[in-house]
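K.L.:
Now for the letters of each chain:
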Amino acid sequence: MTLSTGDDSEMFDSFKHSMQRNFAMTNLGKMRYFLGVEVKQCNEGIFISQHKYSTEILERFGMENCNMVCNPIVTGSKLVKDENARATDASKYKQMVGCICLLLKES
Amino acid sequence: MHLSAIKRILRYLKGISSYGILYRKGEEVKLTGWSDSDYAGDVDDRKSTSGYVFMIGDSAIAWSSKKQPIVTLSTTEVEYVAIASCSCQGIWLRRILHHLNEEQKKATIIQCDNSSSIKLSKNPVMHGRCKHIDVRFHFLRDLAKDGIMELKHCNSQDQLADIITKPLKLEAFCKLRVELGIVEDSFDSR
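These protein sequences, in sequence, are chains A and B.
For the first sequence, position 80 matches number 80 in my numbering, and the numbering has no gaps at all.
Numbers given in my numbering equal positions in the second sequence, counted from 1, plus 1000.
No lab work stands behind these hints: they were computed from the structure.
Treat the hints with caution; some may be incorrect.
[Stated by the list, open to error] No farther apart than 25 angstroms at their CA atoms in a straight line, the calculated lysine to any residue pairs in the SDA-like style are these:
#1 K1169/B - C1154/B
#2 K40/A - I1182/B
#3 K1066/B - C99/A
#4 K1014/B - L103/A
#5 K105/A - T1075/B
#6 K92/A - K1067/B
#7 K105/A - G1147/B
#8 K81/A - K1119/B
#9 K1007/B - K40/A
#10 K52/A - K1106/B
#11 K1007/B - V80/A
#12 K78/A - V1043/B
#13 K81/A - H1002/B
#14 K1007/B - P1167/B
#15 K78/A - L1073/B
#16 K1119/B - K1169/B
#17 K94/A - V80/A
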């Protein structure tokens, strides 16, 4: 896969054609999706988001219909070990953490 | 408890999944860094979390939020370590911009809300409480001297990197989120 950019449209077109003549490649047009990030070129500028992957994560854990909140953590909350609580599903917890880590890494 | 915390993150993700960063056209390519950290935020080992954001124009281009590898003894020291790791990223970004023909002629400004760590980077006198700060963090002085990085003081309320080091009140959180260039998707592709 190759990505090419340029501000000279004439040179850009001739480069594209010469590449297609010499190598077997298809032109996918403008970049829409790259390394997990969605890219949208609009009149205002360039907009990037991760809508697809974040929806997939929510579906995976059955939370696509959950009530949304406005911030990711409550102020003043401290994460300490709760000795009395029963053990939670460790593998599910790790999967959730892993997914969120990957989401952050791609950003 | 941890599970409910992560579920809250997922619930937040649900609300924000259509958000993204908009890089506006015609912005001047000028790199600015923001560096901040909490102090001893981890209750188990008392290490702190440092974070930085780099902006071009009105949008964030690089950011990091990471627990520091060492335990620090003062807020000056903790910010100093944070600025040091921020500068490493800053140097790299300057090189990339140079490759893209967007050379940064002036020193890159790093905004920091701790004035004593700025002073520490300018004044080579060893103070009693900072004697133990490792030499590797003193390369900040060289960077300032060579005109690559310049530390500037900003108010804590205006500190953009605050959002990635500690939990904020909703109002402050949303304000900083907008300032990082994060907006809801309402654009039509061309």
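K.L.:
A separate judgement is required for each hint: does it hold in the structure or not?
P.N.:
Here's how the hints hold up against the structure:
no.: 1; hint: K1169/B - C1154/B; in the structure: 20 angstroms, holds
no.: 2; hint: K40/A - I1182/B; in the structure: 14 angstroms, holds
no.: 3; hint: K1066/B - C99/A; in the structure: 18 angstroms, holds
no.: 4; hint: K1014/B - L103/A; in the structure: 13 angstroms, holds
no.: 5; hint: K105/A - T1075/B; in the structure: 28 angstroms, violated
no.: 6; hint: K92/A - K1067/B; in the structure: 24 angstroms, holds
no.: 7; hint: K105/A - G1147/B; in the structure: 32 angstroms, violated
no.: 8; hint: K81/A - K1119/B; in the structure: 40 angstroms, violated
no.: 9; hint: K1007/B - K40/A; in the structure: 29 angstroms, violated
no.: 10; hint: K52/A - K1106/B; in the structure: 39 angstroms, violated
no.: 11; hint: K1007/B - V80/A; in the structure: 16 angstroms, holds
no.: 12; hint: K78/A - V1043/B; in the structure: 8 angstroms, holds
no.: 13; hint: K81/A - H1002/B; in the structure: 8 angstroms, holds
no.: 14; hint: K1007/B - P1167/B; in the structure: 16 angstroms, holds
no.: 15; hint: K78/A - L1073/B; in the structure: 21 angstroms, holds
no.: 16; hint: K1119/B - K1169/B; in the structure: 30 angstroms, violated
no.: 17; hint: K94/A - V80/A; in the structure: 17 angstroms, holds
Of the hints listed earlier, those the structure fails to meet are numbers 5, 7, 8, 9, 10 and 16, in rising order.
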